[in-house]
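Student: Read off the chains here:
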Amino acid sequence: MSHLTIAMPKGRIFEEAYQMLIEAGFNLPEEVEMSRKLMIEIPEEQIRFILAKPTDVPVYVEHGVADLGIAGKDTLLELRRNVHELLDLKISQCYIASAGLPNTTMNEIAPRIATKYPNIAMNYYKEIGEQVEIIELNGSIELAPMIGLADRIVDIVSTGRTLKENGLVEYEHITDVSSRLIANPVSYRMKSSRIQELVSRMKKIVI
Amino acid sequence: MSSIKMFEKPLGMRDTFPITYEKTEEVRQIGREFLRARGFDFIQTPSLEYFDTVGKASAIYDASLFKLVDSQGNTLVLRPDMTTPIARVATSKLLKEKIPLRLAYFANVFRAQQTEGGRPAEFGQMGIEIIGDGSVFADAEVIMTVIHLIQAFGIDSFKITIGHAGVLNCILKDYTESMEQAVALRTLLVERNYVGFEQAVESFNLPKTKSDALLQFISEATNFVTIQDIEKYVRKNDALEYMQQLVELIDAANLSEYVALDFTLSSHMNYYTGMLFEVFAEGSGFALGNGGRYDGLLHHFGTKVGATGFGIRVDRLLEVIPSKPTTSESIGVIFEEEALFIKALEMANSFREEGKRVTLQSRKGLVDENAFAKHFDQILYVSQEDLVE
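Chains as they are written, first to last, in the numbering used here: chain A, 3 to 209; chain B, 2 to 390.
This is chain A alone, in the form it adopts within the complex (with noise of 0.2 Å):
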């Protein structure tokens, strides 16, 4: 049997897909003790964690030093890495919006977006013929309309509180975001075995 590495966010995601791992019947211990450890060892069954930021996680993959990883989607399509998308885990779910001010217009000469993630931000106004400026952001992006930063922020909305409470509205929907299960491309193919009998009884669980 081959040997996996799989990538993993650290956090709540990493909890509830290690408990659907448990699930589709891997042999982990129950308790795991996260700490500091990077690295968690599971001899019983050949496979190997890495904990990494949750954005990371397709760099470790791309580049094969994980052959396995959970990212989100909203970080596949901001990085656009060349690894394979196998399953949506369909956990972490929310979506990407634009939102901003109510009842505003954009900008007419020089509309401006405030972002985490420019290059999503970039292709979907581009999609809809609309040239913009991105600003970007790498947290509390809500500030951005209230002080006259930029006239919308495309980020991610899960129940939309955060939003209200800042007296923000939500404009567009752009993209549903989950976790999804990704591959190294020479891994899916080099472990191809081990990796199909993951996916397959990992699709069992996902509701």
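Since the hints were made in silico from the structure, they are not lab data.
Among the hints, erroneous ones may be present.
[Claimed, not checked] Some chain B residues near chain A, calculated using beta-carbon distances under 8 Å:
id, residue
1, 155
2, 158
3, 193
4, 194
5, 196
6, 197
7, 259
8, 281
9, 286
[As the list claims (entries may be wrong)] Derived lysine-lysine pairs resembling DSS-like cross-links, with alpha carbons at most 27 Å apart:
id, chain 1, residue 1, chain 2, residue 2
10, A, 128, B, 57
11, A, 206, B, 209
12, A, 206, B, 211
13, B, 160, A, 205
14, B, 233, A, 206
15, B, 211, A, 92
16, A, 166, A, 118
17, B, 57, A, 205
18, A, 205, B, 211
19, A, 92, B, 209
20, B, 99, B, 68
21, B, 209, A, 205
22, A, 92, A, 55
23, B, 68, A, 128
Predicted model, so just to flag it, every value in this text is computed and none were measured.
Built from N, CA and C at the ideal position, the CB exists for glycine as well.
Put chain B on the given structure of chain A with help from the hints.
Tutor: The following block gives chain B in isolation, referenced to the frame of chain A:
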């Protein structure tokens, strides 16, 4: 942007140090002997080509091209692949002399990096092209050649996955309701987005028989063991028969253990009209190479003949090839003073004739003798006594 420091190179450009250089030369030599013995002639094309000819026709994305402007204002590109320049030279000249042509190359190609390091913007590529033969035997020859070539490098764990654009297009056309749907699905397969494929199929509101067939196809199609597995999805057509024949030939050559079928394989370039394949080997995170039939490219250059071939990336090959110790012994001959030079030279030359690697070095030119000596298997000093002898 910070200013450029003296040690910096453009993004993705790499120096080749002696160890890598030697390994590359070895690969070149093995590959050259192997391919020449199979009747392939090596050729070389210029590093610079016109954007309007080779640049536009190349399968490489426009954003990856290095572009320059010549003194007449024409846009030039650093060749991003070898297949396109070879198609150019074959259609304009070589095909008039010999047909079919069997050509081989070992050359550097250039692809600009936008995002990050970790991959080179200039790298060696080795490959073959069979031009002017549209038969299935040419495709079989290409696949057999790539398998045997990889084996010649001492690599055991590798896989060739083969698909056919004609088979895939037939399936996509038959089970969708419009051209747009088929194109959308094909695009998702180029990106290897199987999740997106399933979602798209569900969103099309196809008749249940069609959508079920597509969903089942996508769950199975990357792992077909035999050619019979695909037959239930496709009506009898030329592409399917072609693949059946190709698989038979590979079986007959006893190479089927290295081959897997993947009918979702698709290229973003529409001139890959026939069979196409990818080469994977354990030890590199990226595909080793790819190939296929590209008759459409020849048509683009105005000649209606068949063409097929493969290219392997030398940088990835080096990652995968098992390393072996260097064989030739290195000797340093150090001489003290001018009077001993002739003696030292004679000594060095006699070792060189024995096939050893000999460095001749005067002691006067050395700063740190011990540090220098560490680079050799053996150090010999030429002293006064040698002269007396």
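Student: Does each hint hold? Answer for all of them.
Tutor: Consistency of the hints with the structure:
no., hint, in the structure
1, 155, "violated (17 Å)"
2, 158, "holds (7 Å)"
3, 193, "holds (4 Å)"
4, 194, "holds (5 Å)"
5, 196, "holds (5 Å)"
6, 197, "holds (7 Å)"
7, 259, "violated (11 Å)"
8, 281, "holds (4 Å)"
9, 286, "holds (2 Å)"
10, 128(A) <-> 57(B), "holds (23 Å)"
11, 206(A) <-> 209(B), "holds (21 Å)"
12, 206(A) <-> 211(B), "holds (23 Å)"
13, 160(B) <-> 205(A), "holds (26 Å)"
14, 233(B) <-> 206(A), "holds (25 Å)"
15, 211(B) <-> 92(A), "holds (25 Å)"
16, 166(A) <-> 118(A), "holds (19 Å)"
17, 57(B) <-> 205(A), "violated (42 Å)"
18, 205(A) <-> 211(B), "holds (21 Å)"
19, 92(A) <-> 209(B), "holds (23 Å)"
20, 99(B) <-> 68(B), "violated (33 Å)"
21, 209(B) <-> 205(A), "holds (21 Å)"
22, 92(A) <-> 55(A), "holds (20 Å)"
23, 68(B) <-> 128(A), "holds (25 Å)"
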